[in-house]
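Asker: So the sequences go chain by chain: A and X.
Take 352 as the starting number for the first sequence in this note's numbering and just add one per residue.
Take 332 as the starting number for the second sequence in this note's numbering and just add one per residue.
Check the hints yourself; a few may be wrong.
[Unchecked claim] Computed from the model, here is a short list of chain A residues facing chain X with C-beta under 8 Å:
#1 S493
#2 Y494
#3 L546
#4 P556
#5 C558
#6 A561
#7 E562
#8 L683
#9 K725
#10 A732
#11 M739
#12 S746
#13 I769
[Stated by the list, open to error] What follows is a set of in silico ranges between Cβ atoms, one per label pair, in the way DEER data are often shown:
#14 A/V735 with X/K424: 19 to 25 Å
#15 X/A501 with A/T423: 49 to 55 Å
#16 X/N391 with A/D425: 45 to 51 Å
[Said to hold, decoys possible] Derived pair list, reagent style DSBU-like, types lysine-lysine, alpha-carbon separation capped at 30 Å:
#17 X/K424 with X/K452
#18 X/K430 with A/K602
#19 X/K430 with A/K725
#20 X/K386 with A/K725
What the hints contain is simulated information worked out from the structure, not anything from laboratory work.
A quick note: this is a predicted structure, and the numbers were derived from the prediction, not measured.
Backbone N, C-alpha and C fix where the C-beta goes; we use that ideal spot for every residue, glycine too.
Next come the chains, spelled out residue by residue.
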Amino acid sequence: MDMQGRWEDIDHLLLRQGTLVGPEFEPCAELRESLHNDLRVLVIGAGGLGCELLKDLALSGFGNIDVIDMDTIDVSNLNRQFLFRMHDVGKPKAVVAAEKVMQRVKGVKVVPHYGRIEEKDDEFYRQFQIIALGLDSLEARSYINSVVCSFLEYEADGSPALPTIIPMVDGGTEGFKGHARVIIPGVTPCFYCTLGLFPPQVTYPLCTLAETPRSPAHCIEYVHLIQWGQERPGDSFDADNPEHMKWIFDKAFKRAEQFKIAGVTYSLTQGVVKNIIPAIASTNAIISAACALETLKIATMCCRSMDNYMMYMGTQGVYTHTLSHEKDPNCLVCSPGVPFEVDSSISLQKFIELLLEDPQFKDKLSKPSISYQKRNLYMQAPPVLEEMTRPHLNSPLFELMEKAGGTLNVNDKKLTGILRVNVSFRGHNDTVMDMDTAGGG
Amino acid sequence: MINLFSLKQKQKEAADGTGGRVPVKKQSAGELRVQKDISELNLSKTTFISFPNGKDDLLNFEITIRPDEGYYMGGTFVFSFKISPIYPHEAPKVKCKTKVYHPNIDLEGNVCLNILREDWKPVLSINSIIYGLQYLFLDPNPDDPLNQEAADVLKDHPKQFESNVKRSMAVKNIRKFATY
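So here's chain A without its partners, still in its complex pose:
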């Protein structure tokens, strides 16, 4: 079915040795077949970056792509999200993007998922060998980062266990600026390690908005944050509701007139309220191309990966700089935690005592609070929480941790960050399932 020469360019990379190849790279034809038949890659987001990524990956020889996006197509997307046409407006992005890529690139299978990333379970994400991100929010990145890093396990020697790593390739753009980065959990910094890289959000002092507005954005934010609550109490604002947006615009326009400020327009109102930055198609194309290439490198090892963050500036010509950010050794999300083995019969109270006695912790802790996943097992302060969590002290830790080992977060005034303690239970490691079935039979 393949046209002659279709994969010629990819083959230049996959069939030849070179000095830039990654570790353990062996040039051979099976590499391309496996890329097409076996490897599964997930693209998160089917918007400006997602459309480009899907096209690039499909044309680079990836044969099994899944794409997830919660949005439907808006008319304002059509200038750059080139997989969509006028008659697609209103349809789910993921579904239309998958269809279009499959029509255009023969032999590729793209499975769409129309929904939120939080709706998928761990097993869904575990199916993929690489995850490419074309997202526009820090929340979504932070979420997927916590999911993928939670799969990460460490070997006894403290090195990350390779089979538990799912590399992520992340792209982001903001007008003329963009970045592409490679996140290999346990090896390169995760999002949480480098949270400070994200630009702070633009906020205005409330009193300026209320009393001394000086810019059109001030007028819009005033209506959005203050006037809405005064004039439409109990009515929760929805940025995707055109009537709501129109209301904000009309009121902001009046307010701007009152203060003799020019420049409040409907599109500026949308921009300020939804924090929209103008998207530039070529920025998306450049960043996505870098991401697709990194995905190909990770998948085939035909070249060493980017290490590990590339920033791009399109304002002064094409400027890029690649730098190697460092992992936070105590990162709350991707660090291994200190291994600690305890007897499965001990209570939480006893566990806390053991922590305070242990030579590796005792100098760092005075009154540790303990939490596990979303549950606060024991909080030393404030008193109201102490009281609510006190009953746990007498419960067996093994039960509190749902009969599995795992990472406990330990908070203490003496610590600057959070201490992660990786608990395993004597006699219960990896045999929990067996014991459960043995008990039943």
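We have chain A; now place chain X onto it with these hints.
Answerer: Only chain X this time, still in chain A's reference frame:
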């Protein structure tokens, strides 16, 4: 990194055992950090905290302040805190649930405190915000007003301001005093 040739085998194995499990809710960055903030709260005797959604939801809580000096002595003021999943990148959203006659708090409960908006930094904590709120009651600031009328009264007629505050706390009807 990824051994493409072992993928076939892995996929066969995976095909045997994937059930429809419920999504596991992951702890967000905000939750991890706020756990630390809360376990280290240093509340003065005029400040109280409560968790309306129970011990496992630290992203939503209420702070009650009962000033023991200043214009607002004897009053009880409740603030709701809503922590974003990307806290501390983003400041908590704080609203005053008690109607109060105050130059820096409007009648909808919006609070004008610099560290809640333009001066927020990730190194600040819940403790810093609580100190800031306490300070608002000790030293209301008429130069950065959210309630302009209250600010004007405070600036020009402090005695009148004091009695307005007292009366507003007594009758809980602030709108009466919105104009002087």
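Asker: Each hint: holds or not?
Answerer: Taking the hints in turn, this is what the structure says about them:
1. S493: It holds, given that the least Cβ distance between A/S493 and chain X is near 5 Å, below 8 Å.
2. Y494: holds (7 Å)
3. L546: A/L546 check passes; min Cβ-Cβ to chain X is 6 Å, inside 8 Å.
4. P556: holds (5 Å)
5. C558: With Cβ-Cβ at 4 Å, under 8 Å, it holds.
6. A561: Since the shortest Cβ distance to chain X is 5 Å, the answer is holds.
7. E562: holds (6 Å)
8. L683: holds (5 Å)
9. K725: holds (6 Å)
10. A732: Interface hint status for A/A732: holds (6 Å vs cutoff 8 Å).
11. M739: holds (4 Å)
12. S746: A/S746 check fails; min Cβ-Cβ to chain X is 14 Å, beyond 8 Å.
13. I769: At 5 Å from the nearest chain X Cβ, A/I769 passes the 8 Å test, so the hint holds.
14. A/V735 with X/K424: 19 to 25 Å: holds (21 Å)
15. X/A501 with A/T423: 49 to 55 Å: holds (54 Å)
16. X/N391 with A/D425: 45 to 51 Å: violated (32 Å)
17. X/K424 with X/K452: holds (14 Å)
18. X/K430 with A/K602: holds (25 Å)
19. X/K430 with A/K725: violated (34 Å)
20. X/K386 with A/K725: Holds - the C-alpha atoms of A/K725 and X/K386 are around 10 Å apart, at most 30 Å.
When the structure is compared with the earlier hints, violations turn up for hints 12, 16 and 19 and for no others.
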